[in-house]
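Novice: Sequence:
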Amino acid sequence: FEAGPTMGQAQDVAYDPTSDTIFLMNDDVFAYDGPDLYAYNPHTLQQTYIGDLDLGVDGSVLACHPGTGELYYLNWGSTKLYHLDKQTAALTLIGSGAPARVYRGAAFHPQTHELYAVQSPIGSLAATLVVIDVATGASTVLTQVDRNVRSLTFDQQGGLIGLVGILPLGGP
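First residue of the sequence shown: 1352, per my numbering; consecutive thereafter.
Incorrect hints may have been included.
Have a look at the derived ranges for each label pair, beta carbon to beta carbon [unchecked claim]:
#	residue 1	residue 2	range
1	V1496	G1446	19 to 29 Å
2	L1444	V1482	28 to 38 Å
3	H1394	Q1495	34 to 44 Å
4	D1371	A1477	35 to 45 Å
5	H1464	V1496	16 to 26 Å
6	G1418	S1447	18 to 28 Å
7	Q1495	Y1400	21 to 31 Å
The hints are simulated quantities; they were obtained by calculation from the structure and are not laboratory data. Only a predicted model underlies this, so the values are computations on that prediction, with no experimental measurement involved. Cβ atoms here follow ideal geometry from the backbone N, Cα and C, with glycine treated the same way.
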């Protein structure tokens, strides 16, 4: 599907299997008030504006719990984890992980329902794979990755797939 000309640049998407809905977070290029949240019907591609995330900064990562349909938002400039209301776009802070890190991608494991994420120190190409406690926002380091991993997903058997991003200008 296409995000459409009125939405700005898409930042992340999450699929909710409990409601058969695709949620999309965009970067509102015409206002600097933070990203907006939209819902899409994957069958009709009908777009519904839900609301402004009202953070005053760009967004980062969406993840939808495959069992409950709960939507989570991980903030770009920090390691804050929020619950995101799918009806109003209201954010409720759950907690924080390691400071001075940036979330790059997140996904729930399809069988264990654990939230995995990739964190990077600001300005670094290296990444750390973590598991996040959705009750507290605390993260547990699993391994270091010597790549610029930008996105995560799982296959149906629980195999982790990471997308390696583009090197920054002037990078190696």
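Novice: Each hint: holds or not?
Specialist: Hints, one by one, checked against the model:
| no. | hint | in the structure |
| --- | --- | --- |
| 1 | V1496 <-> G1446: 19 to 29 Å | holds, 24 Å |
| 2 | L1444 <-> V1482: 28 to 38 Å | violated, 19 Å |
| 3 | H1394 <-> Q1495: 34 to 44 Å | holds, 41 Å |
| 4 | D1371 <-> A1477: 35 to 45 Å | holds, 37 Å |
| 5 | H1464 <-> V1496: 16 to 26 Å | holds, 22 Å |
| 6 | G1418 <-> S1447: 18 to 28 Å | holds, 24 Å |
| 7 | Q1495 <-> Y1400: 21 to 31 Å | violated, 39 Å |
When held up to the earlier numbered hints, the structure conflicts with 2 and 7 and fits the remainder.
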